[in-house]
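Novice: Sequence:
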Amino acid sequence: MPEKANTIEMRVFENKFKTDDLHPDYSQKNVDVKGKDMDVSVWNNVAKNGSEYLNIRIVPAYKSKEEAAKSKEEAAKRRKQGEQDDFLF
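Heads up: the sequence shown begins at 668 in our numbering, then just goes up one per residue.
Any given hint could turn out to be false.
[As the list claims (entries may be wrong)] DEER-style ranges, computed between Cβ atoms: (1) Leu689 x Arg745: 33 to 39 Å; (2) Glu740 x Ser718: 45 to 51 Å; (3) Glu741 x Leu721: 18 to 24 Å; (4) Lys747 x Asn711: 24 to 30 Å; (5) Lys683 x Lys747: 17 to 23 Å; (6) Ala743 x Asp687: 35 to 41 Å; (7) Val679 x Lys747: 36 to 42 Å; (8) Glu740 x Met677: 27 to 33 Å; (9) Lys696 x Glu741: 19 to 25 Å; (10) Phe680 x Tyr720: 35 to 41 Å; (11) Ala743 x Thr686: 36 to 42 Å; (12) Ala742 x Asn673: 25 to 31 Å.
[What the hints assert, rightly or not] No more than 20 Å apart at the CA atoms, straight line, and that leaves these computed lysine to any residue pairs for SDA-like: (13) Lys696 x Arg678; (14) Lys685 x Tyr720; (15) Lys696 x Val679; (16) Lys703 x Ala735; (17) Lys696 x Asn682; (18) Lys730 x Ser694; (19) Lys696 x Ala714; (20) Lys732 x Met705; (21) Lys696 x Pro727; (22) Lys744 x Glu734; (23) Lys696 x Asn722.
Please keep in mind that the hints were generated in silico from the structure rather than gathered at the bench.
Even for Gly, the Cβ is constructed at its ideal location relative to N, Cα and C.
Please put together the full structure from these sequences, using the hints given.
Specialist: This is the structure:
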């Protein structure tokens, strides 16, 4: 049995907004994968030989421009705080 530390489990739900074959059949937003928010998309596919398979895509979670700017500001503050911590006498 694999170790839990090396196991990533997630749930994906049917995409009720699918209007095109390019849209995923299943998806889940903001899945925690090793401490990072990721978006998961899954498509049902059929190979040329007729075998059914799932195509799975995991990408960094979408952030609006405002959220991305806020994240950058917070990261800069943490870096600056870290630099200040280095100068303790």
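Novice: Now look at each hint and say whether the structure bears it out.
Specialist: How the hints compare with the structure:
1. Taking 33 to 39 Å as the suggested C-beta distance range, the pair Leu689 and Arg745 conforms, at roughly 38 Å.
2. Evaluation of the 45 to 51 Å hint for Glu740 and Ser718 yields a pass: the beta carbon distance comes to about 48 Å.
3. In this structure the hint that Glu741 and Leu721 lie 18 to 24 Å apart at CB is violated, the actual value being about 36 Å.
4. At roughly 48 Å, the beta-carbon separation of Lys747 and Asn711 lies outside the given 24 to 30 Å, and the hint is violated.
5. The supplied range of 17 to 23 Å is broken by Lys683 and Lys747, whose beta-carbon atoms lie about 44 Å from each other.
6. Taking the beta carbon of each, Ala743 and Asp687 are about 39 Å apart, inside 35 to 41 Å as hinted.
7. For the hinted restraint 36 to 42 Å between Val679 and Lys747, the CB-CB distance of approximately 39 Å keeps it satisfied.
8. A hinted range of 27 to 33 Å holds for the C-beta pair Glu740 and Met677, which are about 29 Å apart.
9. Checked against the hint of 19 to 25 Å, the pair Lys696 and Glu741 passes, with Cβ atoms roughly 20 Å apart.
10. Taken as a hint, the range 35 to 41 Å is violated for the pair Phe680 and Tyr720, whose Cβ atoms sit roughly 20 Å apart.
11. Range check, Ala743 to Thr686: Cβ separation about 40 Å, and the 36 to 42 Å hint holds.
12. Roughly 28 Å separates the CB atoms of Ala742 and Asn673, a value that falls within the hinted 25 to 31 Å.
13. Restraint check for Lys696 and Arg678: satisfied, since their Cα atoms lie roughly 10 Å apart, inside the 20 Å limit.
14. Distance check on the hinted pair: Lys685 and Tyr720 sit about 19 Å apart at the alpha-carbon level, within 20 Å; holds.
15. Of the pairs offered as hints, the one joining Lys696 and Val679 holds, with about 9 Å between alpha carbons and a cut-off of 20 Å not exceeded.
16. Simply put, Lys703 and Ala735 have alpha-carbon atoms about 14 Å apart, close enough for the 20 Å limit, and the pair holds.
17. Distance restraint check for Lys696 and Asn682: the Cα-Cα separation of roughly 11 Å lies within the 20 Å cut-off, and the hinted pair is therefore satisfied.
18. At most 20 Å may separate the alpha-carbon atoms for a hinted pair to count; Lys730 and Ser694 meet this at roughly 16 Å.
19. Distance hint between Lys696 and Ala714 is unfulfilled; the C-alpha atoms sit about 27 Å from each other, more than 20 Å.
20. Restraint check: the Cα-Cα separation between Lys732 and Met705 comes to about 17 Å, which is no more than 20 Å; the hinted pair holds.
21. With a C-alpha separation of about 10 Å, the suggested pair Lys696 and Pro727 falls inside the 20 Å cut-off, and the hint holds.
22. Restraint check for Lys744 and Glu734: the C-alpha separation of about 15 Å stays at or below 20 Å, so the hint holds.
23. A threshold of 20 Å between alpha carbons decides the hint, and for Lys696 with Asn722 the separation of about 17 Å falls inside it, so the pair holds.
When each numbered hint is compared with the structure, violations occur for hints 3, 4, 5, 10, 19.
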